[in-house]
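Taken in order, these protein sequences are the chains called A and B.
Per full-length UniProt numbering, residue 1 is the first one in the first sequence, and the count goes up by one each step.
Per full-length UniProt numbering, residue 1 is the first one in the second sequence, and the count goes up by one each step.
Among the hints, erroneous ones may be present.
It does not matter which identical chain is used: a pair holds within one copy or between any two.
Below, simulated DSS-like cross-link-like pairs (lysine-lysine); rule was C-alpha separation at most 30 Å, straight line [unchecked claim]:
1. Lys132 x Lys87
2. Lys250 x Lys239
3. Lys179 x Lys87
4. Lys132 x Lys101
5. Lys132 x Lys239
6. Lys101 x Lys239
7. Lys87 x Lys239
8. Lys87 x Lys154
9. Lys101 x Lys250
10. Lys87 x Lys101
11. Lys179 x Lys250
12. Lys101 x Lys154
13. Lys250 x Lys87
14. Lys132 x Lys154
15. Lys154 x Lys239
16. Lys239 x Lys179
17. Lys154 x Lys250
18. Lys154 x Lys179
I should point out that these hints are in silico values taken from the structure, not numbers from a laboratory.
Here is how the chains run, residue by residue.
There are 2 protein chains.
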Amino acid sequence: MTTNPTAAILIIGDEILSGRTTDSNINTIARFLGALGIDLREVRVVHDEADQIIETVNALRNTYEYLFTTGGIGPTHDDITADCMAKAFGVDISEHPAALKLLMDRSIAMGWTLNENSRRMARIPHGAELIKNPVSAAPGFQLGNVFVMAGVPKIMEAMLEDVAPRLRTGARVLSRTLKLSYVGESAAADALREINARYPDLSLGSYPYGLSLDGAFGTHLVVRGRDAEQVDAATNELKAALASVVEAGKARNPLASFEEITA
Amino acid sequence: MTTNPTAAILIIGDEILSGRTTDSNINTIARFLGALGIDLREVRVVHDEADQIIETVNALRNTYEYLFTTGGIGPTHDDITADCMAKAFGVDISEHPAALKLLMDRSIAMGWTLNENSRRMARIPHGAELIKNPVSAAPGFQLGNVFVMAGVPKIMEAMLEDVAPRLRTGARVLSRTLKLSYVGESAAADALREINARYPDLSLGSYPYGLSLDGAFGTHLVVRGRDAEQVDAATNELKAALASVVEAGKARNPLASFEEITA
Chain A
1 MTTNPTAAIL IIGDEILSGR TTDSNINTIA RFLGALGIDL REVRVVHDEA DQIIETVNAL
61 RNTYEYLFTT GGIGPTHDDI TADCMAKAFG VDISEHPAAL KLLMDRSIAM GWTLNENSRR
121 MARIPHGAEL IKNPVSAAPG FQLGNVFVMA GVPKIMEAML EDVAPRLRTG ARVLSRTLKL
181 SYVGESAAAD ALREINARYP DLSLGSYPYG LSLDGAFGTH LVVRGRDAEQ VDAATNELKA
241 ALASVVEAGK ARNPLASFEE ITA
Chain B
1 MTTNPTAAIL IIGDEILSGR TTDSNINTIA RFLGALGIDL REVRVVHDEA DQIIETVNAL
61 RNTYEYLFTT GGIGPTHDDI TADCMAKAFG VDISEHPAAL KLLMDRSIAM GWTLNENSRR
121 MARIPHGAEL IKNPVSAAPG FQLGNVFVMA GVPKIMEAML EDVAPRLRTG ARVLSRTLKL
181 SYVGESAAAD ALREINARYP DLSLGSYPYG LSLDGAFGTH LVVRGRDAEQ VDAATNELKA
241 ALASVVEAGK ARNPLASFEE ITA
């Protein structure tokens, strides 16, 4: 369990904190890391404010093996992420020749003139390696264990493709999900606790849905872990326990049931 | 600007970090706080892990005027938020008579027997005030400047109704949004920077959309601030500047245009 790489995400952007935009990058990166067996341990969202960004970057990059940031690398005055990264690492920042070429090539392809503002996107901290942006050319960059990516979800997702081969991977987390319908979450709590106590390397979680008095309700029970045999054994034990729970639950609600689902 | 209350959000839940669930509570709370003139300064997402929760709660409650947490107050073994709050504040925790009554009343109404696991949801740190849960009865609680709410979005949203009257409010942030179409973000960067420099109390942001080579693309330009006259004046200056930007942009793409939108 302890040998998997750890990671954090830092979302940089007033638009999330103001409520203007609903973040979707956290989930995209969380799934990406899960598939690589990298443990996402923490997420933070901060303002476009230099001191807060620098302090947070240094806290997270020193705590986790990898830090992924999104946002603040565009052409406008509130795009301060690259400068903040340079300050956090104590390195200089200047126009990166390969980054500038990427921007110029795209300008030519689009029939544009590269203006001074767009050209700002070629400013990269010294020592950084570029991250490809197949969508709109302006690159992200990797500085040490920090991966600096765009905030626009489509671009961020494309950048992850270039990031993946650079990461140390771990044992992928496997999961199986049982859907318990028309039975309250608390009815399954004993089984969850007891089985988890016998499988301390696994994580058994329960996530209720539809809690209003009308309509369907129930709980998703998820068995997660890296050892397939253990996950299967615990799932089978949970199924046996749920059979009893459902049997007792039918007295209260004849619709009580459970099934395994792919979630 | 500095007299508005500040706030942070702490999302407690493996299901967000594992990628199983996409968080929607951040956006709900962000909009709720924005409407009350409370500045959301930071968000963190952590695991169902006692040490990390306690440390994070103490860091955030001592930095910001309010802290809102979601998740981990259900009936199962991984619901450890209430115990963590008691530890973070150095107070005891035990069954709260009013909370227990709420759970029992609901059990009776539903024709259920309240089991030991559900009864755990009546354990509340000493000194806390309950937060009403009109959806499924099990209450949240307020301990000092920390508001502990459910993770299920429907319940969390309902709890905010009971929280709102307890909060000191500030000057609501006003915003106006201009949609610049078929013109790159960088073309507006000069205007944004110059106008923001003349209105330092405002925040001018730009959020590109549709950055692929095909299809529609452009930028949303947002003027935000608490002084309506300043917001209007800056928006008018931005409109004048965008008229020139669009005029120049038409040479590149005849579809170039801008309009004010309600966003």
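Hint-by-hint comparison with the structure:
Taking the closest pair of Cα atoms, Lys132 and Lys87 come within 30 Å of each other only inside a single copy of the chain (23 Å); across copies the shortest separation is 46 Å, beyond that limit. In this assembly of identical chains, the alpha carbons of Lys250 and Lys239 lie at most 30 Å apart only when taken from the same copy (16 Å versus 64 Å across copies). For the homomeric pair Lys179 and Lys87, neither the shortest alpha-carbon distance inside one copy (49 Å) nor that between copies (33 Å) is at most 30 Å. Taking CA atoms no more than 30 Å apart as the test, Lys132 paired with Lys101 passes inside one copy only; the shortest distance there is 13 Å, against 58 Å between copies.
Within a single copy, Lys132 and Lys239 get their C-alpha atoms no closer than 46 Å, and across copies no closer than 34 Å, so neither meets the 30 Å cut-off. For the homomeric pair Lys101 and Lys239, neither the shortest alpha-carbon distance inside one copy (58 Å) nor that between copies (33 Å) is at most 30 Å. For a Cα distance limit of 30 Å, the shortest separation of Lys87 from Lys239 qualifies neither inside one copy, at 53 Å, nor across copies, at 35 Å. Taking the shortest Cα distances, Lys87 and Lys154 sit within 30 Å of each other inside one copy (28 Å), while across copies they are farther apart (42 Å).
Only between protomers do Lys101 and Lys250 lie at most 30 Å apart by alpha-carbon distance; the minimum there is 26 Å, versus 68 Å within a single protomer. In this assembly of identical chains, Lys87 and Lys101 lie within 30 Å of each other by CA distance solely inside one copy; the values are 25 Å within and 55 Å between copies. For the identical chains of this complex, Lys179 and Lys250 are intra-copy neighbours only, at 16 Å inside a copy versus 56 Å across copies, given an alpha-carbon limit of 30 Å. For a Cα distance limit of 30 Å, the shortest separation of Lys101 from Lys154 inside one copy, 22 Å, qualifies, whereas the shortest one across copies, 49 Å, does not.
Taking the shortest alpha-carbon separations for Lys250 and Lys87, neither the intra-copy value of 62 Å nor the inter-copy value of 39 Å comes in at or below 30 Å. Within a single copy, Lys132 and Lys154 get their C-alpha atoms as close as 13 Å, which meets the 30 Å cut-off; across copies the closest is 40 Å, which misses it. For the identical chains of this complex, Lys154 and Lys239 are inter-copy neighbours only, at 28 Å across copies versus 40 Å inside a copy, given an alpha-carbon limit of 30 Å. For the identical chains of this complex, Lys239 and Lys179 are intra-copy neighbours only, at 10 Å inside a copy versus 53 Å across copies, given an alpha-carbon limit of 30 Å.
In this assembly of identical chains, the alpha carbons of Lys154 and Lys250 lie at most 30 Å apart only when taken from different copies (26 Å versus 47 Å within one copy). Within a single copy, Lys154 and Lys179 get their C-alpha atoms only as close as 32 Å, which misses the 30 Å cut-off; across copies the closest is 19 Å, which meets it.
Figure legend: structure checked against the earlier numbered hints; hints not met, in rising order: 3, 5, 6, 7 and 13.
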